[in-house]
Amino acid sequence: MIKVHNQINVHQDYISQLLEQLTIGYQNTKLERQQISKKDFLISAEDFTPLEELELLTVNIRGYACQIEATGMVKNDKQAIAELQKLSVFNNHLIVKLYSEARSQYPQIQLYISMLDYLRLLVLEYLQILQSSQPISA
Amino acid sequence: MQDEIFDDPYLAEILNGYNDTEISEILKYLNEWDAGTYSSVAQSVLDHAKRKGFTVLRYLRKAHNFNQKGSVRVPRSHYRQDGSAIYRKGTEYLIVRLDQYGIEKIVTYGINEE
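Residue numbers (my numbering), protein chains in the order written: chain R, 8 to 145; chain Z, 41 to 154.
Do not take every clue at face value.
Think about it this way: if two alpha-carbon atoms lie no more than 16 Å apart in a straight line, the pair counts; the simulated EDC-like pairs of lysine to aspartate or glutamate are [claimed, not checked]:
#1 R:K104 x R:E132
#2 Z:K90 x R:E27
#3 R:K104 x R:E27
#4 R:K82 x Z:E132
#5 R:K93 x Z:D122
#6 R:K46 x R:E90
#7 R:K45 x R:E108
#8 R:K37 x Z:D47
#9 Z:K102 x Z:D122
#10 Z:K92 x R:E39
#11 R:K45 x Z:E132
No wet-lab data here; the hints were simulated from the structure.
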């Protein structure tokens, strides 16, 4: 039990650190975002742009991470786990496209996307540890 | 709203240091927002403003003053499968989502050139 408790604390602390690093990481992408926003990704008129997809993903993942940072838990953890599993950056073809281009042209964006997905995995793992440590109710 | 201020530490943090007129303005703007995956609207706005390098009031004002008239909406007339839609105008954008009452609320605001 002590081991699980320590694991939870370490994860919570790490999530908090990663949130801070991602804030700086986001600010470091400013120049690249300006360049990307002028680029034509040949998307349909009914699609979000890759940067808009990334913004929405950022907001969704950070929201759960901020809840954990503040209270150590999230509202409706089962729903959060299911949603976080779907929020992988690699489930979104526009972010995958952006990530592939970022490898050669936009290193800060590439780093940002990797860190964001790492935060998602960390939050997911945290919630799963928390869930498995809770006593099963009759 | 008074109870909410005491219950939500983020709301208290947001309002700290502002005068009564500014507080009324902030509270009015917060009603336009959706908490999304955050614990509260205040936590969401605080996190966005920090990440984007704005003070909370400036960020809320910019989102509130975003003029949807003449903007491009995507998707044009409905919402995506995740419930979101975006308004774009110039370098600014506003991502919205319907709340539980079917009212369109702001999820995030940004400037591509920021």
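Structure-based check of all given hints:
1. Restraint check: the Cα-Cα separation between K104 (chain R) and E132 (chain R) comes to about 27 Å, which exceeds 16 Å; the hinted pair is violated.
2. Using a Cα cut-off of 16 Å, the hinted pair K90 (chain Z) and E27 (chain R) holds, with the two alpha carbons roughly 10 Å apart.
3. About 26 Å separates the Cα atoms of K104 (chain R) and E27 (chain R), which puts this hinted pair outside 16 Å; it is violated.
4. The suggested pairing of K82 (chain R) with E132 (chain Z) is violated, with an alpha-carbon distance near 31 Å, which exceeds 16 Å.
5. Taking the CA atoms of K93 (chain R) and D122 (chain Z), the gap is near 11 Å; set against the 16 Å cutoff, the hint holds.
6. Of the supplied pair hints, the one linking K46 (chain R) and E90 (chain R) is violated, its CA atoms being roughly 30 Å apart against a limit of 16 Å.
7. Restraint check for K45 (chain R) and E108 (chain R): satisfied, since their Cα atoms lie roughly 14 Å apart, inside the 16 Å limit.
8. For the given pair, K37 (chain R) sits about 35 Å from D47 (chain Z) by alpha-carbon distance, which is inconsistent with the 16 Å threshold.
9. Pair hint K102 (chain Z) plus D122 (chain Z) does not hold up; C-alpha atoms about 25 Å apart against a cutoff of 16 Å.
10. Taken as a hint, the K92 (chain Z) and E39 (chain R) pair is honoured in the structure, with Cα atoms around 15 Å apart against an allowance of 16 Å.
11. With a C-alpha separation of about 13 Å, the suggested pair K45 (chain R) and E132 (chain Z) falls inside the 16 Å cut-off, and the hint holds.
Hint compliance for this structure: hints 1, 3, 4, 6, 8, 9 are not met, and every other hint is.
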